[in-house]
Amino acid sequence: MVLSIVHRATGIALYVGTLLLAWWLIAAASGPAAYSHVQAFTGSIIGRLIVFGYTWALMHHMLSGIRHFVWDLGYGFKANEREALTWGALIGGIALTVLIWIIAYAIGGGR
Amino acid sequence: MSTTETPKRSMRTPLGRVRNLGAAHSGTSDFWRQRLTGVAMTLLMLPVIVVVMMLLGRNQAGAAQILGSLPIALILLLFIFASAWHMKIGMQVVIEDYVHNEKLKLVAVMLNNFFSIAVALASTYAILKLSSGV
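From first to last, the protein sequence lines stand for chains X and F.
Using UniProt numbering, read the first sequence as starting at 1 and increasing by one per residue.
Using UniProt numbering, read the second sequence as starting at 1 and increasing by one per residue.
Careful, some of the hints might be misleading.
What the hints assert, rightly or not - Derived lysine to any residue pairs resembling SDA-like cross-links, with alpha carbons at most 25 angstroms apart:
(1) X:K78 / F:F31
(2) F:K129 / X:G17
(3) F:K129 / X:A22
(4) F:K129 / X:I26
(5) F:K129 / X:G31
(6) X:K78 / F:V39
(7) F:K105 / X:T18
(8) F:K105 / X:L19
(9) F:K105 / X:A13
(10) F:K105 / X:S4
(11) F:K129 / X:A40
(12) F:K129 / X:W23
(13) F:K105 / X:G17
(14) F:K129 / X:F52
(15) F:K103 / X:I12
Source of the hints: derived by calculation from the structure; they are not laboratory data.
Please read all numbers here as calculations on a predicted model, not as lab measurements.
Given only the sequences and the hints, what does the whole structure look like? Please build it.
Next up, the structure:
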């Protein structure tokens with residue numbers, strides 16, 4: 001189905017996104033000035049959208065990957081099972097992303 | 001073993017028979033490591049999310065203190081190692097599917113290795129630096 005290309009696309013996005021994670025870790029190790037640049041970026045609208053997109057890509061890719069793992073083990077090949085796994089990954093990925101961001105804002109990450 | 005036996009009158013050299021079998025043509029080690037690292041990251045996902053949540057809204061000093069603690073550094077190091085390996089294999093599959101020019105493919109696979117290793121080492125270095133408090 002079309003979702004297999006989404007699995008691939010989210011994988012590529014996550015690949016590029018590791019630059020952001022590396023930047024963040026290096027900044028934390030470098031000092032307050034470097035870290036404040038990262039925080040300025042992740043606090044901006046664009047930065048926040050990118051991190052939100054990254055969260056979704058990660059959650060979707062993980063669930064979609066679990067779906068592939070179920071298939072690797074030889075289960076879930078019936079038409080209704082394939083549908084259920086695919087919709088589960090799609091809806092689950094969005095739900096987990098929203099949940100993570102609600103928790104993040106609740107504990108004060110939105111400041 | 002019967003499938004790997006050489007036909008008696010084959011003109012192919014041993015090198016010719018094994019060439020191009022690596023990296024997703026018919027080898028299985030990348031397939032296995034892709035699953036292994038995927039499962040590892042799935043298991044590490046919740047701890048990693050908790051770590052990121054702990055860092056939200058903190059300044060550099062606070063973040064550095066948390067990132068430098070042993071259990072958190074270990075969680076992140078494992079995650080970095082697994083994800084670098086996973087993404088290296090995944091991107092190689094994508095390259096092999098879409099890049100058909102042999103020389104271009106070679107360059108792309110090399111760059112993919114360089115990128116994955118560089119990101120992993122840079123992140124690892126940062127965590128080790130935070131852990132040693134230098």
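Now for the hints, and whether the structure bears them out:
1. Note on X:K78 and F:F31: the hinted pairing holds, with a Cα-Cα distance of about 24 angstroms set against a maximum of 25 angstroms.
2. Pair hint F:K129 plus X:G17 holds up; C-alpha atoms about 22 angstroms apart against a cutoff of 25 angstroms.
3. About 13 angstroms separates the Cα atoms of F:K129 and X:A22, which keeps this hinted pair within 25 angstroms; it holds.
4. Straight-line distance between C-alpha atoms of F:K129 and X:I26 comes to about 9 angstroms, which keeps the hinted pair within the 25 angstroms bound.
5. At most 25 angstroms may separate the alpha-carbon atoms for a hinted pair to count; F:K129 and X:G31 meet this at roughly 11 angstroms.
6. Taking the CA atoms of X:K78 and F:V39, the gap is about 24 angstroms. The hint holds against a cut of 25 angstroms.
7. With a CA separation close to 22 angstroms, the supplied pair F:K105 and X:T18 stays within the 25 angstroms bound.
8. Annotation: proposed proximity of F:K105 to X:L19 holds, straight-line Cα distance about 23 angstroms (limit 25 angstroms).
9. A threshold of 25 angstroms between alpha carbons decides the hint, and for F:K105 with X:A13 the separation of about 20 angstroms falls inside it, so the pair holds.
10. In summary, the hint linking F:K105 to X:S4 is supported, as the alpha carbons are separated by about 23 angstroms, within the 25 angstroms threshold.
11. Distance check on the hinted pair: F:K129 and X:A40 sit about 23 angstroms apart at the alpha-carbon level, within 25 angstroms; holds.
12. Straight-line distance between C-alpha atoms of F:K129 and X:W23 comes to about 14 angstroms, which keeps the hinted pair within the 25 angstroms bound.
13. Distance hint between F:K105 and X:G17 is fulfilled; the C-alpha atoms sit about 23 angstroms from each other, no more than 25 angstroms.
14. As the CA atoms of F:K129 and X:F52 are separated by approximately 28 angstroms, the hinted pair breaks the 25 angstroms bound.
15. Restraint check for F:K103 and X:I12: satisfied, since their Cα atoms lie roughly 22 angstroms apart, inside the 25 angstroms limit.
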